[in-house]
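Asks: Please put together the full structure from these sequences, using the hints given.
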Amino acid sequence: MAADSSQAVRSVPACVVAWRAGTGRCRRWSARSADPEAWNMTTLRCPLLVLASLTLAPVSFAGTPAQFTFLEQNGHLACDNTGTCRIVAFGPPAALMLGVLIERAAGPDTPVTARLSLADGSDGAPRSPRVHPEGRLRLHVDGADLGDIGPVDALEAGLALAPPHAQALLDALVRGRPVRMTDTAGQAWPLAESGNAALLLKMDEAQGRLHTPGALVGKGLRPESQVPAARVAPRLVPPPLLVEAHDEDAALAERADLLQALLPRAEAGAGCAAASSRHLRIERIDATHVLAMLNCTTGRYIRPAGSWVIRDRTPFAPVPITASTLFPLYPHAVFLEEGVASATDRCGIDRHWAWDGARLVLAATFVGRHCLGVGQRHWQLPTYVTELR
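If you read the sequence shown in this note's numbering, its first letter stands for residue 1, the second for the next number, and so on.
I should point out that these hints are in silico values taken from the structure, not numbers from a laboratory. Just so it is clear, CB atoms sit at the ideal spot from N, CA and C, and this is done for glycine as well. Some clues are possibly wrong.
What follows is a set of in silico ranges between Cβ atoms, one per label pair, in the way DEER data are often shown [said to hold, decoys possible]: (1) 132 - 315: 55 to 65 angstroms; (2) 287 - 225: 50 to 60 angstroms; (3) 260 - 111: 56 to 66 angstroms; (4) 132 - 342: 31 to 41 angstroms; (5) 132 - 219: 33 to 43 angstroms; (6) 362 - 145: 41 to 51 angstroms; (7) 246 - 340: 26 to 36 angstroms.
Replies: Here is the structure:
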């Protein structure tokens with residue numbers, strides 16, 4: 001579900017529209033069914049995403065859960081619009097690293113879950129052999145062998161730890177004690193020992209749990225009833241199937257009057273006035289609407305100049321969606337806007353837009369994919385989620 005910033009490369013969609021709470025996996029529209037209620041659970045690990053560094057992260061602790069992200073050494077925290085918070089923490093840089101996903105919904109007395117998986121190291125990781133685990137897995141916390149936790153195959157989707165194992169792992173992370181996973185052959189994959197307590201404290205703070213009995217760090221006597229309740233996710237109209245391209249769509253991309261209608265908007269945001277060439281791409285949405293995407297070329301560089309929903313005939317009535325290019329996530333009318341890292345946004349934000357029959361609406365956002373190193377892949381953390389009506 002990615003495309004590079006020059007739009008020259010497109011890859012297979014991975015995770016679309018909604019995070020499935022408690023699984024550590026993303027939902028994907030099923031390509032085998034025209035029913036938008038039919039979800040196909042992908043077992044692919046989603047790209048590792050984070051929004052920004054500590055100094056750039058928007059923070060709100062005004063008594064109710066807010067969208068929030070926080071980066072700390074070998075891990076990061078992201079909270080979505082319902083108040084659910086998720087932490088991903090990793091082992092030391094390596095070709096293949098242990099990762100843990102810690103998840104907790106907002107509200108009093110909510111449980112904490114933990115799942116283990118293996119992450120591809122970033123391009124800057126030490127050049128060591130990729131050693132894959134074999135057989136059964138065991139959890140070791142602070143030097144103690146806590147026993148079998150499951151088969152190697154379970155790591156692909158995220159191996160869910162039983163509550164006693166999860167609690168022991170959390171206690172070790174709070175105290176900065178060693179945690180590692182071993183396989184039948186005795187090979188070991190550790191988690192980093194530093195920085196995790198800060199992430200857990202920020203999770204408590206973001207969810208309004210400080211000084212309560214249910215806090216992960218710094219428990220206290222403040223009543224659990226004072227912990228803010230979860231927010232309800234916005235409702236989303238199930239997007240229909242995308243319509244096949246019409247014969248006239250190719251000609252529409254060449255129309256000078258459409259280009260002239262879009263250029264003033266593009267020039268305001270992307271400097272298309274200085275471009276040596278401009279190219280329109282048309283993606284059919286339904287019987288009367290298409291997505292018009294403009295790219296501008298300057299020298300060797302191709303830059304996106306905007307995406308609009310338009311009518312497929314005059315008057316085009318363009319409605320701007322984003323300054324980026326959108327990519328269809330077949331077979332339903334859901335489109336990916338891929339975030340690009342910048343000096344002010346180190347990680348980028350991926351967005352998913354869904355057609356509700358009249359307009360494109362925001363369906364989900366995920367924090368970007370290069371925060372802990374280019375090339376690293378792991379869980380994708382949402383900061384905005386919706387639920388189907």
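Asks: Of the numbered hints stated previously, which ones are contradicted by the structure, given in increasing order?
Replies: The structure conflicts with no hint, since it agrees with every one listed earlier.
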